[in-house]
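In case you want the letters, here they are:
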Amino acid sequence: MINKIVQSMAEAMAGIRDGSVVLIGGFGSIGQPNALIEGLIEQGAKDLTVVANNSGVGHVGLAALLETGRVRKIICSFPRTADPVVFEKLWREGRIELECVPQGTMAERMRAAGAGIPAFFTPTAVGTKLAAGKEERTINGRRYILEEALYGDVALVEAWEADRWGNLTYKSSARNFNPVMATAAKLTIVQTQHIVELGALDAEKVVTPGIYVERVLYVPYGEPTVT
Amino acid sequence: MNAAASILAGCKPMTRREIAARLADDIPEGWHVNLGIGAPLQVADYVPQEREVIFQSENGILGMGPAPEPDQINRWLINAGKQYITLRTGGSYMHHADSFALIRGGHLDLCVLGAFQVAENGDLANWSTSDNESAPAVGGAMDLAAGTPRLWVLMEHLTKTGESRLVRRCTYPLTAVGVVKRVYTNLAVIDVSADGFAVRDMVPGLTLEALQQVTDAPLRMVR
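Going down the list, the protein sequences come from chains B and Y.
With the numbering used here applied, the first sequence covers 1 to 227.
With the numbering used here applied, the second sequence covers 228 to 450.
Extracted from the complex, chain B is given alone in its bound form:
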């Protein structure tokens, strides 16, 4: 019997190595798997590269992970939030490397990773400083730059419902980067608000099929309190 549901945070975090590339879902705090991030802090892996849209609010969640000093580099579209104190301090002190990537390029680089596409041409960022050093080609009269797939060793995902096969649904705009990150990592770890029986999810409405998911942890925390 396949059962991806794990019983403890330690089990969920087992085997995450130093130097890993960790994809973390969420747009701001919505859809950000804060319990798993706390688990990763507890687990202790270091020298990490984190891929996330933002850079953390206050001193919780992603910001708390950055504050441990175990994140060497963050790949991010918008390292600003209502309260980006931790990231700003690390960045000013030169203690974290930042790769600023246009949001759609970041999403597509992970989609490509999950879909077996090593690189793609995109019109986004052509002629800007974010295209510096990138291969450019003109196709049918329009300029494009080459962007490479972005693979994760680990993805931390927040779902709304999950079953023991790892089939997932999401809640409203908390879907955001979570499904595409689930496809792009070797080890996808999910925290979910609800665990349901196999067969309870409408097959027509499953967003992430279980093939992309390795571990599911039940974390019923209620509603997000910050955006």
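These are computed hints drawn from the structure, not numbers from a lab.
It is possible that part of the hints are untrue.
If you only want the chain Y side, here are some residues facing chain B, beta carbon under 8 Å, derived [claimed, not checked]:
| # | residue |
| --- | --- |
| 1 | Q269 |
| 2 | E285 |
| 3 | I288 |
| 4 | Q299 |
| 5 | I305 |
| 6 | A324 |
| 7 | F327 |
| 8 | A364 |
| 9 | G367 |
| 10 | A373 |
| 11 | G374 |
| 12 | V404 |
| 13 | V416 |
Derived DSS-like pairs: lysine-lysine, alpha-carbon spacing no greater than 30 Å straight-line [stated by the list, open to error]:
| # | chain 1 | residue 1 | chain 2 | residue 2 |
| --- | --- | --- | --- | --- |
| 14 | B | K46 | B | K73 |
| 15 | Y | K309 | B | K73 |
| 16 | Y | K408 | Y | K239 |
| 17 | B | K134 | B | K73 |
| 18 | B | K46 | B | K89 |
| 19 | Y | K239 | B | K129 |
| 20 | B | K73 | B | K129 |
| 21 | B | K186 | B | K73 |
| 22 | B | K89 | B | K73 |
| 23 | B | K129 | B | K4 |
| 24 | Y | K408 | B | K134 |
| 25 | B | K89 | Y | K309 |
| 26 | B | K186 | B | K134 |
| 27 | B | K129 | Y | K309 |
| 28 | B | K129 | B | K89 |
| 29 | Y | K387 | Y | K309 |
| 30 | B | K186 | B | K205 |
| 31 | Y | K387 | B | K205 |
| 32 | Y | K408 | Y | K387 |
| 33 | B | K186 | B | K46 |
| 34 | Y | K408 | B | K129 |
Positions of the beta carbon are idealized from the N, C-alpha and C atoms, including for glycine.
Start from chain B and add chain Y according to the hints.
Quick look at chain Y alone, frame taken from chain B:
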């Protein structure tokens, strides 16, 4: 009174909300529209519900509705500016890769963005005013600018110190090359045409000569 202020003494510039309302008048029913964070988001307030315009939010929402009543907030539903919003009847969710595929694929009818500068060749500078002051943060601006076939900019005509935001060539870091189709400022509505800026209309009391005096690139009336 600085030079720009004395030139403009005979007219009344629009407020941000008046610019948003002016722009909203030009959005027909049936368009799919992305509004950038900040002032462009106010455009939605001036499109009446009965005129069905579908707003997209880059974080995976099609059919974004207005802010909820305080006791009706869905805490899982925010817009690109991270404000609570509602979903209109008929609205739908998608993940981020699909959301930006929609944007990059040219499916939107219109994108409205704010800007620091727009050049007469349509170049847009709206994400950074310096090379190293703070950490670079581009968000979805470059994807929206490169991907949307019709890009309108909503911005003040002048900076706080009276410099023109409409320029021959952008001096701030570019967001995209040759993409802006029209600019709505507090003084005028100006098309970006193959041969530069073409004024569609101006606030009452303003002349083309006066507008030209506060604009760093050549202007002509729309033919």
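So, going through the hints one by one against the coordinates:
{"no.": "1", "hint": "Q269", "verdict": "19 Å, violated"}
{"no.": "2", "hint": "E285", "verdict": "7 Å, holds"}
{"no.": "3", "hint": "I288", "verdict": "6 Å, holds"}
{"no.": "4", "hint": "Q299", "verdict": "13 Å, violated"}
{"no.": "5", "hint": "I305", "verdict": "5 Å, holds"}
{"no.": "6", "hint": "A324", "verdict": "4 Å, holds"}
{"no.": "7", "hint": "F327", "verdict": "3 Å, holds"}
{"no.": "8", "hint": "A364", "verdict": "5 Å, holds"}
{"no.": "9", "hint": "G367", "verdict": "4 Å, holds"}
{"no.": "10", "hint": "A373", "verdict": "4 Å, holds"}
{"no.": "11", "hint": "G374", "verdict": "7 Å, holds"}
{"no.": "12", "hint": "V404", "verdict": "4 Å, holds"}
{"no.": "13", "hint": "V416", "verdict": "26 Å, violated"}
{"no.": "14", "hint": "B:K46 x B:K73", "verdict": "11 Å, holds"}
{"no.": "15", "hint": "Y:K309 x B:K73", "verdict": "24 Å, holds"}
{"no.": "16", "hint": "Y:K408 x Y:K239", "verdict": "25 Å, holds"}
{"no.": "17", "hint": "B:K134 x B:K73", "verdict": "20 Å, holds"}
{"no.": "18", "hint": "B:K46 x B:K89", "verdict": "19 Å, holds"}
{"no.": "19", "hint": "Y:K239 x B:K129", "verdict": "38 Å, violated"}
{"no.": "20", "hint": "B:K73 x B:K129", "verdict": "20 Å, holds"}
{"no.": "21", "hint": "B:K186 x B:K73", "verdict": "19 Å, holds"}
{"no.": "22", "hint": "B:K89 x B:K73", "verdict": "14 Å, holds"}
{"no.": "23", "hint": "B:K129 x B:K4", "verdict": "44 Å, violated"}
{"no.": "24", "hint": "Y:K408 x B:K134", "verdict": "27 Å, holds"}
{"no.": "25", "hint": "B:K89 x Y:K309", "verdict": "23 Å, holds"}
{"no.": "26", "hint": "B:K186 x B:K134", "verdict": "27 Å, holds"}
{"no.": "27", "hint": "B:K129 x Y:K309", "verdict": "27 Å, holds"}
{"no.": "28", "hint": "B:K129 x B:K89", "verdict": "24 Å, holds"}
{"no.": "29", "hint": "Y:K387 x Y:K309", "verdict": "27 Å, holds"}
{"no.": "30", "hint": "B:K186 x B:K205", "verdict": "24 Å, holds"}
{"no.": "31", "hint": "Y:K387 x B:K205", "verdict": "51 Å, violated"}
{"no.": "32", "hint": "Y:K408 x Y:K387", "verdict": "24 Å, holds"}
{"no.": "33", "hint": "B:K186 x B:K46", "verdict": "18 Å, holds"}
{"no.": "34", "hint": "Y:K408 x B:K129", "verdict": "22 Å, holds"}
In the structure shown, a violation is registered for the earlier hints numbered 1, 4, 13, 19, 23 and 31, in ascending order.
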